[in-house]
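Trainee: As a plain string of letters, each chain reads:
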Amino acid sequence: MNHISDIQLNDYVDNDLSPDARAAVQQHCAECAECAQRVERLGSLRLRLAELPRSIEPPPSIHAEIRAQLDAPLRIPVRRGVSRRTFATAAVVLVALSSATTVMVMRSMRDDVASPTLARDNVPGDARLIAVTEIESRYISAIDELQRALDAQRALLAPETIKLVESNLEIIDRAVAEARNALLADPSSAVLADMLRAGYERKLDVLRSARAHTVQM
Amino acid sequence: MRPLLLALAMLACASPVHAQRKIREAFAADPAGFVRIQNIAGSVKVTGWDRDSITITGVVYDTPNERFEIMRSAGGVKMGIWDTTVEKVPPSTLEIRVPRRSRVWVRTGSSFIFVGGVAGTVDVNSIGGGVEVTGQPHEVFAESMTGEVFLDDVRASTARLKTVTGAIRIRGSITDVIATSIGGNIVVDGAAIDRGRFESVDGDVRFMGDLMRKATLDFINHAGAVEFSLPSNVDADFAVSTYQGTLQNDFPVKQHQANSKIKGSEITFSLGTGGAQVNVRTFKGRIIVRAGK
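Protein sequence lines, in the order shown, are assigned to chains E and A. Using the numbering used here, you'd call the opening residue of the first sequence number 34 and step up by one each time. Using the numbering used here, you'd call the opening residue of the second sequence number 47 and step up by one each time.
Just chain A, same shape as in the assembly (with noise of 0.2 Å):
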């Protein structure tokens, strides 16, 4: 029996004890003041409402170095627990309301981070989870290493949205964006957007529904494909430039070939009557328009 209860008591020690509590806390905030939240793992979920209070609920484990903490000042408040000496910290989850008016900075390890109904700046960066933003934020920051990066139904002056692996969509009407990626891929999906620029890297860049009339979108990938599939009334005016790549494009139209001194294509055609100038440049990946009803 002792041989076991020692056992027992080694591995006790070993793992490290993590408390699990219940948070439940509110209190009055500026208006507009920052919202800072740090969570390693489980989910963060930031709600803008009309009251100039902020609540706190959920559940969250505190370590053996760190415990959870809520910390007031007169710009703001800052919550989270950070201890990187843990290996595997279990999922906290927190659920806060705060001002509309907020400025919210997110930063998790694994956690899904949410953000809805916040007027002011959102800045949300995740290593390994997802990121969800929706409402009418005035600037986006969000970035993930291999999570998902999700604007759904946006509407923001400013977008900068970053991933390594994971996939960036958007939707919504943004003024200014650049979306950038290493292999995830890059999807706008029926999204207004005045200026964009969207990179890749080894992932697909596709861009699905209509152009506004005075856009200006740039296009680069070096290995992943750029496809569009914009619907056959669409005016706009392409420059494609490709390497190694290939374009492919569905509409009936006269092309140009731009610059026939370098390797590689440099070709030019409109669409429609013209309108949105749209530029894309590629190493090797391969161009597709598609047009559709």
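Okay, chain E solo, but in the shape it has when bound (with noise of 0.2 Å):
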């Protein structure tokens, strides 16, 4: 039995379906037993989402409390009966990971990306390093993810538009490099922490702009 395709079942939910095509899936799920619980299913989670608020408020103090916490000195958490030596290897390690991550992440598009490497030579104190990490830790899996699911799909996209894509990562890649260097160099300033922040929400745009682009009506 030929089962009905996701998007008319998604559309039968929504009531996007013509009274035809409606009354052809009803007549389906009359039948099919798998049909009609994805259809329940799909039924269920509208329900669900539909109870969901359209936008929720932050507390007016959440700024000042952001704001307070990028202000505020960094405080290096060490855990008793772990050396800081241990602790700032493993930072090493985990930023090393973090930045061999990216490497892949961007490699998959293009082979020759300056990727926002560490100078092994002037790996600076753990404490520069959590202030990157942390930041980046919130990025890279969105990243990779997005990418990954880009790639599958880049047949869809034009040259020109993989093309555009990839100079212009190239461009944020750098620009990260640079906000992520120089927060190594001063891991207090709030500034620098919002630059590198910029630099991966662009990439995240670029990445989803594309992708967008890749998925039909």
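If you're looking for bench data, these hints aren't it; they were derived computationally from the structure. Every residue gets a Cβ at the ideal spot worked out from N, C-alpha and C, and that includes glycine. Hints are not guaranteed to be accurate.
Unchecked claim - Quick list of simulated restraints, FRET-style, between CB atoms:
| id | chain 1 | residue 1 | chain 2 | residue 2 | range |
| --- | --- | --- | --- | --- | --- |
| 1 | E | Pro192 | A | Thr314 | 46 to 56 Å |
| 2 | E | Glu178 | A | Gly338 | 44 to 54 Å |
| 3 | A | Phe73 | E | Glu178 | 53 to 63 Å |
| 4 | E | Leu75 | A | Asn279 | 53 to 63 Å |
| 5 | E | Thr247 | A | Ser278 | 31 to 41 Å |
| 6 | A | Phe73 | E | His36 | 27 to 37 Å |
| 7 | E | Pro192 | A | Asn279 | 45 to 55 Å |
| 8 | E | Asn43 | A | Gln323 | 42 to 52 Å |
| 9 | A | Val105 | E | Asp53 | 27 to 37 Å |
| 10 | A | His184 | E | Asn43 | 19 to 29 Å |
Two chains, two frames, a set of hints: combine them into the complex.
Mentor: Have a look at this one:
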């Protein structure tokens, strides 16, 4: 038995089908337990989504709290029983992994990427590394996920679009590398932390935009 | 003669056949329903009107694989063609009139998009085409990779604008704006904005005109400049931070170095009696505050 496509089922649940198409889906679901179950799941999901607030206003104090956290001097949490040396080594490994992930992510679209990397001879103190890794850890997995999704659909994009995306990711990478190195040298700077975050946000923007053009109506 | 005929036949087989069609459709529509339009090349013009009906006129090209289709449903209408298997699609021109409160969604490849007179949400997205929105949409989401995004005298509660290399221009009255680009310039020209965030990486960000007294505006740029052309009687409080950039302030006011411990500059100053809060952050982009008349 041919099952009903996800798109058609979603349109059915969203009440976007013509009367004829709607009747056909209903008839199929009456005979197909699997599709009927999928409709039920989608319907239930739709109801739960409808119950969610359309937007959530952050509490008024949030900006002040964030600003206070950014402006506060960095404290290095050292757990009992773990030496600072061990901690520093772990931090270096974390940064190396994070950088390697970035390199792998970017290389999957282009091989000649100038990715933000640490100069091993100048590995700074653990506090500096923490300032950078705290920011990067929020973005790497999202970038990785989007990149994989985009790679899977890249045949749907024109070659010039892929080229545009790649060249602009390079521009962003250069900006991220500059902000990153500056933050390593000056980890207490809220401005540099903002610049690094902004760089990663723009990277996500470009990947999301490119991905949006691979999705059918 | 035979080789010539053979060559012509081969050429005919190699080139995709695009069938041109004139479209002229009209039908009743939900006054606040959705209108979803896809068009690869050409232009899409959507205009809101005070009737509960939709009219579609224009010239479209069907490809060997897909036809331009109009699909009506309970909640609205979808129309378009999106054949990514064809390299060069001839430009289709679409002119669509929709009920004013419609929720309009347009996606194009290189097509120019115009949306005017729509009061519902406008969500437009192009890869290489320009985007122009005018009127009083409730919310605007406009995005183009290389084309210009232009809000022309728009009155809206929310605007989210994005480009990669295309410019962004904003005129009108908008409560909450976020405009971001990688290499495109962002120009705010005579716009009344309560809350705004304008971010670029390489492009310049320019703000021209007066500031709303209670506005909060953030400008973030990496290498591009952030420039203000403000009236000489403006009331605003500036907080400027730059790592390697410079600040040029034409207003004769006292500036305060906010934090001497960090590298770079953190400078605050007030213009007039203070009022609008303007926060500027750049990595190496220069910051210029010009005093107009």
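Trainee: Would you pick out the hints that fail for this structure and give their numbers low to high?
Mentor: 3 and 5
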